[in-house]
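Chains as they are written, first to last, in the working numbering: chain A, -4 to 487; chain B, -4 to 487.
Quick caveat, the hints were computed from the structure, so don't treat them as lab data. Among the hints, a few may not be true.
Intra- or inter-copy, both count: the list cannot distinguish identical chains.
Stated by the list, open to error - Mimicking EDC-like on lysine to aspartate or glutamate, the simulated pairs with C-alpha atoms at most 20 Å apart in a straight line are: (1) Lys304 with Asp336; (2) Lys52 with Glu41; (3) Lys390 with Glu467; (4) Lys93 with Glu110; (5) Lys93 with Glu83; (6) Lys93 with Asp106; (7) Lys42 with Glu53; (8) Lys324 with Glu53; (9) Lys331 with Glu53; (10) Lys343 with Asp317; (11) Lys82 with Glu96; (12) Lys254 with Asp336; (13) Lys52 with Asp19; (14) Lys250 with Glu177; (15) Lys324 with Asp386; (16) Lys229 with Glu13.
Protein chains: 2
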Amino acid sequence: MSKGLPKRSEDYSLWYNELVKKADLAENSAVRGCMVIKPYGYSIWEKMQAEIDRMFKETGHSNAYFPLFIPKSYLSKEADHVDGFAKECAVVTHYRLKNDEDGKGVVVDPDAKLEEELIVRPTSETIIWSTYKNWVQSYRDLPILVNQWANVVRWEMRTRFFLRTTEFLWQEGHTAHATKQEAIDESVQMMNVYAQFAEEFMALPVVRGIKSESERFAGAVETYCIEALMQDGKALQAGTSHFLGQNFAKAFDVKFATKEGKQEFVWGTSWGVSTRLMGALIMAHSDDQGLVLPPKLAPIQVVIVPIYKGDDQLKAIGVRADEIIASLKAVGISVKFDDRDTYKPGFKFAEWELKGVPVRIAIGQRDMENNSVEIARRDTGVKETFSLADDLTAKISGLMDEIQESIYNKAFSFRADNTRPVDTYDEFKKVLEEDGGFISAHWDGTAETEEKIKNETKATIRCIPIDAIAEEGVCIYSGKPSKRRVLFAKAY
Amino acid sequence: MSKGLPKRSEDYSLWYNELVKKADLAENSAVRGCMVIKPYGYSIWEKMQAEIDRMFKETGHSNAYFPLFIPKSYLSKEADHVDGFAKECAVVTHYRLKNDEDGKGVVVDPDAKLEEELIVRPTSETIIWSTYKNWVQSYRDLPILVNQWANVVRWEMRTRFFLRTTEFLWQEGHTAHATKQEAIDESVQMMNVYAQFAEEFMALPVVRGIKSESERFAGAVETYCIEALMQDGKALQAGTSHFLGQNFAKAFDVKFATKEGKQEFVWGTSWGVSTRLMGALIMAHSDDQGLVLPPKLAPIQVVIVPIYKGDDQLKAIGVRADEIIASLKAVGISVKFDDRDTYKPGFKFAEWELKGVPVRIAIGQRDMENNSVEIARRDTGVKETFSLADDLTAKISGLMDEIQESIYNKAFSFRADNTRPVDTYDEFKKVLEEDGGFISAHWDGTAETEEKIKNETKATIRCIPIDAIAEEGVCIYSGKPSKRRVLFAKAY
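Isolated chain A, as found in the complex (with noise of 0.2 Å):
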């Protein structure tokens, strides 16, 4: 199987690509843009919606649901937001279809074009806060604490599978509250959720920091992100967080009685992950033989390979394998005895790394004589035979744990590694050429200079890191003074 795959240091963009279809992942379909989400990458995604639904719900939210479709009017209410996305959207602008006079086909009746266009959704802030608008009459209905899990539309014109791909799917949050400070603590509170569940599930150590102007979310007053940093020395922004101050209740006229009768506006944020994690999680980890899964994402967390001569010895093995499976399950641990004839067992062992199972267990006939199974750990490919007369289930939950903590551990040291501090312009297009990964400079704070930096090296300033500290300095570009380093890279 994973003898198709390319090497990551030849060709790490093609490398990911072949990863994504070999391992069952993702395929393009026949929509430009758009990809299937086969049954094995879906279920990766399902374990991650389960665990940011749980957290969402844990820090107050509750789940509804809004229409797919937008009136093309609405993007043009909130100024900044239409000049960010009302540009590439499908447009609706018909809603039947005829037979074609030849009789051969469908084709779209003229006679049934809309008054007023729809565009499916590139995102919901404006039909959501057109339903705010009626939710919120006083202080007692706020805050308004509301998620979506949808999929929206962006038409692109250069895709890549989960990293930039024109239908996505994704969760929103769309909050509203009485005060600025309110919000302002919801839009951080939802960046930390993001960065617990990148390191905690997806072991992916992420920095946390906020937006210069020209990255942030067209109608936001401040984003907040993280950003995570791939093999192959690019950052990925893996999730935002909003604070739209006033701007679009302003837009949508959503005003609020205070506790002392007063008309005020309500206060927002807005927040999203999406399928884009998937290509994080995948570019990450993943390595020459195919896909590295964190044991807490992995669907499959142990297969069992059985190495036999003849039907007896697979149903000797068969039994032995069900009683480890029922041991595994009874602890949490999901299991897959691939027990199928028509493969043989190195087939197998390469199909299961390539698709990232966190740890095999093969049991062949000298297993059995001698009461052992041989397990291998998919992160580091290392083989021991273990004595079923110790405690495999303990064995296996503590590798789990082990798998996880050492994949986060790996790339947090991949990360140290290739964040480097740089002082000068030279030393910057030097390390960014040569090295890539996040560099740590001193930033004039202007926007002028950042899209100066940008177009000669195609390095963006991906945050101003929250934990950054205070540091006198001069701007690698401009040499103005600046107050604290901010995070460049190039990225995805």
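With chain A's structure known, arrange chain B on it following the hints.
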């Protein structure tokens, strides 16, 4: 709260609409025919989804995700399918907006016209079978047992909350099999899964049956369904499961190599339930005071309302409530303590009745003195004083089962009382007009008779029940011979 709710006997349709709005289940959106599912309504849908999804997985299915858009030409590939579905669809013709020249908004960019229009999926057979073509080469690749949770759009002229909306949420299962029998078995299995869900969780008795040819899904060889009876005597189709034969395999050229090396077309099924189930749930059980939710789908199963004067009393009741909440949560019962100081107990009672919470516990000062609570059942309205010297958790736990069963039994009796065998067309028309409900009658099996009855009475054949017994008779309309009775009703 319930004051504003019309009585069912006065205007059933208005009662339903008002109930949906007042109980915070859904509301109309700015987009014609599309509704907003509000958090309380969505939380019921989430409970439905969780159980249905579990049942799908237990029967071997996996989830996946296919594109929202379908190329227009795909719809015409299966001849019957296009007739049934291609007409009232949302059509995407452009992919970009641009600033209006007057600077005041955005307009569709005429340069961004799609070569081939895209249809927002009304159902996904075509895009999925075009994908399955690449997934299937040999019998080893079968069966494919895939489901997707998705939004779909059918441009409806007359819409009604949950029952018929332009956009709605659903699941659609699409399976592919090597043999005809296996595909038929799958279709029947999924009808049974739906029936089991409706009866066990929704407390909704359903008739399992087969659709007549006229009512069959466009592109199916056989449509299995579950049909339920609402309180106004109208039937509601709650779920369908289609045996597709080789129709879509032929339309999309999906063949497989058999074990013997022959090329054969694949056999297919598709099956779905939607947010329509919400409508069924509401209409089947609710009363003039509001929703009546079966405990297994109630987002809040128990509400505790304190009746107090002053903070000291509230504080003491709060301590008692906390103990009750802890012990109920420990056995998996969801509880809300409604300690809002902005509303009076009477208002809260009415609100939770409106929202269908199965059990209300009221705690007043006298209860505190007597070490008791008042327990009220939403379904029967029966109240009792319960001594906390007894086991409250066991009591409430038992009530959950009792209420679930009682709601089911009530609906079952209602259906039994409203299913009437008739043997003449005059009687048929009389029963239909005076009583409504299901009418069990002989039919000659022709589409012609079926259509005449429909045109003359608005009653349709809901299904040929799976358990219909062979019985010689004559068609109530044509007098021609018939071998079994079928179920007629006016339907949603």
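Here is how each hint holds up against the structure:
1. Lys304 with Asp336: Answer is within; shortest intra-copy Cα gap is 11 Å, inter-copy 74 Å.
2. Lys52 with Glu41: Classified as both: same-chain Cα gap 16 Å, cross-chain 13 Å, threshold 20 Å.
3. Lys390 with Glu467: Classified as neither: same-chain Cα gap 51 Å, cross-chain 68 Å, threshold 20 Å.
4. Lys93 with Glu110: Cα proximity of Lys93 and Glu110: in one copy and across copies (19 Å, 18 Å).
5. Lys93 with Glu83: between (28 Å within a copy, 9 Å between copies)
6. Lys93 with Asp106: within (10 Å within a copy, 24 Å between copies)
7. Lys42 with Glu53: both (17 Å within a copy, 17 Å between copies)
8. Lys324 with Glu53: Cα proximity of Lys324 and Glu53: across copies only (15 Å, versus 26 Å in one copy).
9. Lys331 with Glu53: Answer is between: at 15 Å across copies they meet the 20 Å cutoff, but 32 Å inside does not.
10. Lys343 with Asp317: within (19 Å within a copy, 54 Å between copies)
11. Lys82 with Glu96: Between copies only: 14 Å across, 34 Å inside.
12. Lys254 with Asp336: between (72 Å within a copy, 14 Å between copies)
13. Lys52 with Asp19: between (31 Å within a copy, 19 Å between copies)
14. Lys250 with Glu177: within (16 Å within a copy, 59 Å between copies)
15. Lys324 with Asp386: Within. Shortest intra-copy distance 15 Å satisfies the 20 Å Cα cut-off; inter-copy 34 Å does not.
16. Lys229 with Glu13: within (19 Å within a copy, 54 Å between copies)
The structure is inconsistent with hint 3 alone, although it conforms to all the rest.
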